[in-house]
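Protein sequence lines, in the order shown, are assigned to chains R and D. Just so you know, the numbering used here puts the end of the first sequence at 223, numbered straight through with nothing missing. Just so you know, the numbering used here puts the end of the second sequence at 446, numbered straight through with nothing missing.
Bear in mind the hints are in silico, worked out from the structure with no lab data behind them. Each hint should be verified, as a subset may be incorrect.
[Claimed, not checked] The calculated lysine-lysine pairs, modelled on DSS-like cross-linking and capped at a C-alpha distance of 30 Å, are: (1) R:Lys160 / R:Lys9; (2) R:Lys9 / D:Lys232; (3) D:Lys233 / R:Lys9; (4) R:Lys9 / R:Lys98.
Remember, it's a predicted structure, so these values are computed and weren't measured experimentally.
Number of protein chains: 2
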Amino acid sequence: MTEVVILEKKVLNENQRLAAELRERFARAGTLVVNLISSPGSGKTRLLERTLESLPAGVRAAVLTGDIQTDADATRLARFGFPVRQITTGGTCHLDAKMIDWHLEGWDLDALDILFIENVGNLVCPSSYDLGEEAKIVLLSVTEGEEKPLKYPSIFFKSKLILLTKIDLLPYVPFDYALACANARSVNAEADILGVSCQTDTGLREWMEWLGAKLPATELQPR
Amino acid sequence: MTEVVILEKKVLNENQRLAAELRERFARAGTLVVNLISSPGSGKTRLLERTLESLPAGVRAAVLTGDIQTDADATRLARFGFPVRQITTGGTCHLDAKMIDWHLEGWDLDALDILFIENVGNLVCPSSYDLGEEAKIVLLSVTEGEEKPLKYPSIFFKSKLILLTKIDLLPYVPFDYALACANARSVNAEADILGVSCQTDTGLREWMEWLGAKLPATELQPR
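Given these sequences and hints, build the entire structure.
Structure representation (structure tokens):
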């Protein structure tokens, strides 16, 4: 099916071109953009809730959140007073640069310190689509199994941070934490790895510090 | 991007044609085929392990198991003495009918009562690809959240059985079981819904009975 491969390449090239434009716009505006990717239900929205409520006063944040259907996540995230827009893909399994471009319409990037992009819940397809972000961040819940970095290497390879989420559940699931880290390292020796729980707040300080280090103008400390 | 839509349609039409052929072959051979679909880490492989070891003597089963990378699942599943083949998609986010056709090569369907297909871990894309199965079965782990049927309606709509997995974790996660069932029902009023745990074996008898009812020649009861 060469026809499919050629067209895929064309779509990805066009996406890459637009992502490069977005990256330049974000850089000019001084907006840090992170792209959160994981399986459905690994805790992207919950992490964003905890993050938005922990941002120091004065940090100007916004969220674009993607889903196949529903605007449930935007509703959850809008409670924190930051601008939030839902991108409902209507069947498409990933966000692409064009969707980001469209949904930024009317937002003043110069007035944003950080833009969180929550991708569609899917550990496969979103890894192929550059959104102009500074960093992809992959979340892997400890309920999903420690072999996932080996089975889904692309997104682990491309991420600057690997978040092992729901670590409060470690006593109840057969998950070898050290092996998960070793598997992640074998795919990507450079990425940072943090364990977090939004139930117990374990690791959230380190997560905010990780973000803060990317945002030189501001010190991010949990309130 | 009409070009993309047209090509997608062409690919899906070609898949549908081949899936219809497969369905006819399975029917002629009297082979029950089920297609297990879920997010990564919802417990497809673990359920198949428990299923294979619970099959009554004399039931002739086989497994095709899909992953982007690694043959870890085939290795896990081969321990039970049934024929198992790994389909390593090398980046493709779903199984399609052609992959099934290829990997059946040399297997005598007349000698198979049941073929389990474990799809790539992905709650989105596999729902679009008919594999000639008698039933799609979607697994949703209780760690993933009760709103997932609304966010990923396609696969819940197309499944004959919805398995809520890892119910042993219910005391430790904020999951509203009744709401999850109501959400599933709102997308698909016809599907059966079962809760299972492969840690405590809760619900496994009902799961085996569900399979058994599709296999009239044999009574499937957990050993």
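Please write out, lowest number first, the hints stated earlier that are contradicted by the structure. Going through the list in order, the structure violates no hint and respects every one.
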